[in-house]
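A.B. asks: Since chain A is already given, all that's left is putting chains B and C on it; use the hints.
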Amino acid sequence: MFGKIGLLLLFAWVIIGAWMFEPPMSGVSNPEVYRIFYFHVPVALVTFMAYCLAMYHGLLYLRNRRLFDDKKSSTAALLGTIFCVLATVSGSIFARQTWGMYWNWDPRQTSIVVLLLTYLAYFSLRSAIADPLKKANLSAVYSILGFIAAVFTIFIWPRIAPGLHPGAPGDSTSGSFIVMSTKTWLVFGPSLLAFAGLYYWLYSLSLKISGLEEENLHV
Amino acid sequence: MSNFIPMIVSLLIWGVLWIYVFRLDRRVKELEKNA
Amino acid sequence: MAAEKSRLGYKALAVFVKDIKSEIRTRYAIGSIIMFAAVTVIAVGFATGGVGLDRDLQGIVLWLVIYFASVAGLGQSFIKEEENRTALALRIYARSSSVFGGKYLFNLMLLTALVIVIIPLYIVLVGLEIDCYALFISVVILSIIGLAGSTTIIAAIISKASIKGVLFAVLSFPLILPLLLMAIKGTQKSLLTGAAITDGLPELKVLLSYAVVMSVAGFMLFDYVWND
Numbered sequence: 001m002f003g004k005i006g007l008l009l010l011f012a013w014v015i016i017g018a019w020m021f022e023p024p025m026s027g028v029s030n031p032e033v034y035r036i037f038y039f040h041v042p043v044a045l046v047t048f049m050a051y052c053l054a055m056y057h058g059l060l061y062l063r064n065r066r067l068f069d070d071k072k073s074s075t076a077a078l079l080g081t082i083f084c085v086l087a088t089v090s091g092s093i094f095a096r097q098t099w100g101m102y103w104n105w106d107p108r109q110t111s112i113v114v115l116l117l118t119y120l121a122y123f124s125l126r127s128a129i130a131d132p133l134k135k136a137n138l139s140a141v142y143s144i145l146g147f148i149a150a151v152f153t154i155f156i157w158p159r160i161a162p163g164l165h166p167g168a169p170g171d172s173t174s175g176s177f178i179v180m181s182t183k184t185w186l187v188f189g190p191s192l193l194a195f196a197g198l199y200y201w202l203y204s205l206s207l208k209i210s211g212l213e214e215e216n217l218h219v
Numbered sequence: 220m221s222n223f224i225p226m227i228v229s230l231l232i233w234g235v236l237w238i239y240v241f242r243l244d245r246r247v248k249e250l251e252k253n254a
Numbered sequence: 255m256a257a258e259k260s261r262l263g264y265k266a267l268a269v270f271v272k273d274i275k276s277e278i279r280t281r282y283a284i285g286s287i288i289m290f291a292a293v294t295v296i297a298v299g300f301a302t303g304g305v306g307l308d309r310d311l312q313g314i315v316l317w318l319v320i321y322f323a324s325v326a327g328l329g330q331s332f333i334k335e336e337e338n339r340t341a342l343a344l345r346i347y348a349r350s351s352s353v354f355g356g357k358y359l360f361n362l363m364l365l366t367a368l369v370i371v372i373i374p375l376y377i378v379l380v381g382l383e384i385d386c387y388a389l390f391i392s393v394v395i396l397s398i399i400g401l402a403g404s405t406t407i408i409a410a411i412i413s414k415a416s417i418k419g420v421l422f423a424v425l426s427f428p429l430i431l432p433l434l435l436m437a438i439k440g441t442q443k444s445l446l447t448g449a450a451i452t453d454g455l456p457e458l459k460v461l462l463s464y465a466v467v468m469s470v471a472g473f474m475l476f477d478y479v480w481n482d
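Residue numbers (my numbering), protein chains in the order written: chain A, 1 to 219; chain B, 220 to 254; chain C, 255 to 482.
Keep in mind that the hints are not guaranteed to be accurate.
SDA-like mimics (lysine to any residue), calculated; alpha carbons at most 25 Å apart, straight line [stated by the list, open to error]: (1) C:K459 x C:L359; (2) C:K334 x A:S127; (3) A:K135 x A:L62; (4) B:K248 x A:N216.
If you're looking for bench data, these hints aren't it; they were derived computationally from the structure.
Keep in mind that this is a model prediction, so the values were computed, not measured.
This is chain A alone, in the form it adopts within the complex:
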């Protein structure tokens, strides 16, 4: 109960802070747009962490062969997919405001879609297998392979290919920068915590629901 209230307060703080403080970007023509940074980036980070969680439980499944780990893996992935869609949407709205188009094939923008494709491929694989043990086994293997590819696509590629997104070599914002001052951290840090907390809450609830639904089936 207190956790939920705490989370609500945290979010309230983030929303107020994102609007009251100065925008986290200097030297650009429309700094106001960059306020979305406090919402878009944490969601994107959480979707990647969700994938890591799914992969981690995949590894655990391969080790211990407990079906509950597979349940955790798929739940983590499902919620991760939702966050991934939200990150893509918020990113493309930012793109529209800053660079004029919803989609630019910028490396970092594309990488979030590749993550989305990886999530979707994971679920396609799961739906193509009937036997639960085989499903768990192969999904775990695929989640590990997907993780490796995701590291290449999300962390390596955007840093070496030119692009528009802040942080790529030769982006349109060079000369300006995201001001990671204490003030920005005061809002960004809690935002990250808040979205991670929300994800975790959704995750535990989903796990509880699957558990209860299975119990109801047995009754």
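C.D. replies: Frame of chain A, contents of chains B and C only:
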């Protein structure tokens, strides 16, 4: 107007997730009642 | 210890040779790959007429064709074992690492054949002008090693699933994408006038790490896929 778009988007993200959380919460309570 | 290791390698080669022999008899995989590649080259050459493709596009089209040809030809390597009921015999005969080794070599061979056929065709029909051969060839070699690694393990995964059709393309695309991006970029760099192998060093580094990591990961995970 366009400067408010980030705000709207952020609130939408926030809103979507919280609606989802409340639906799940309600489902848990309903299942616990049946068990 | 050394004797056991050489037996592993020996068995891997045996699996490889077996696949070659059955391939020579049916010519299924190599046939589909080469036909696919040839058809697309001709289509591209025909569509662009005498004008030829823009330099950047040449690199992109080349790798797209290589990717789709791999999807067409390499996905079958394990399915044919399941379909012909030879999978069980293979499991008894060799350890999983040997089976992976053999299939990996086979896929690598198919890819080598593919590039040997398709690149000269591209040079002649589409007007591919390579300025730095060293860079181009290094990109190609590292890329096919990476492709062999990822396609082998994915082929193994889908052989266990029921709806095999499009699954290989769906599963392989997110995994192979980083490789494709680097290969395309590296190739484009080698087409520029005055290019040197050092220009493509970042791409080559990423391709090398991808090839190593994917092949090793595939090798280690294969056991879980093969032995249910």
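A.B. asks: Now tell me, hint by hint, if it's right for this structure.
C.D. replies: Going through the hints against the structure:
no.	hint	verdict
1	C:K459 x C:L359	23 Å, holds
2	C:K334 x A:S127	22 Å, holds
3	A:K135 x A:L62	12 Å, holds
4	B:K248 x A:N216	13 Å, holds
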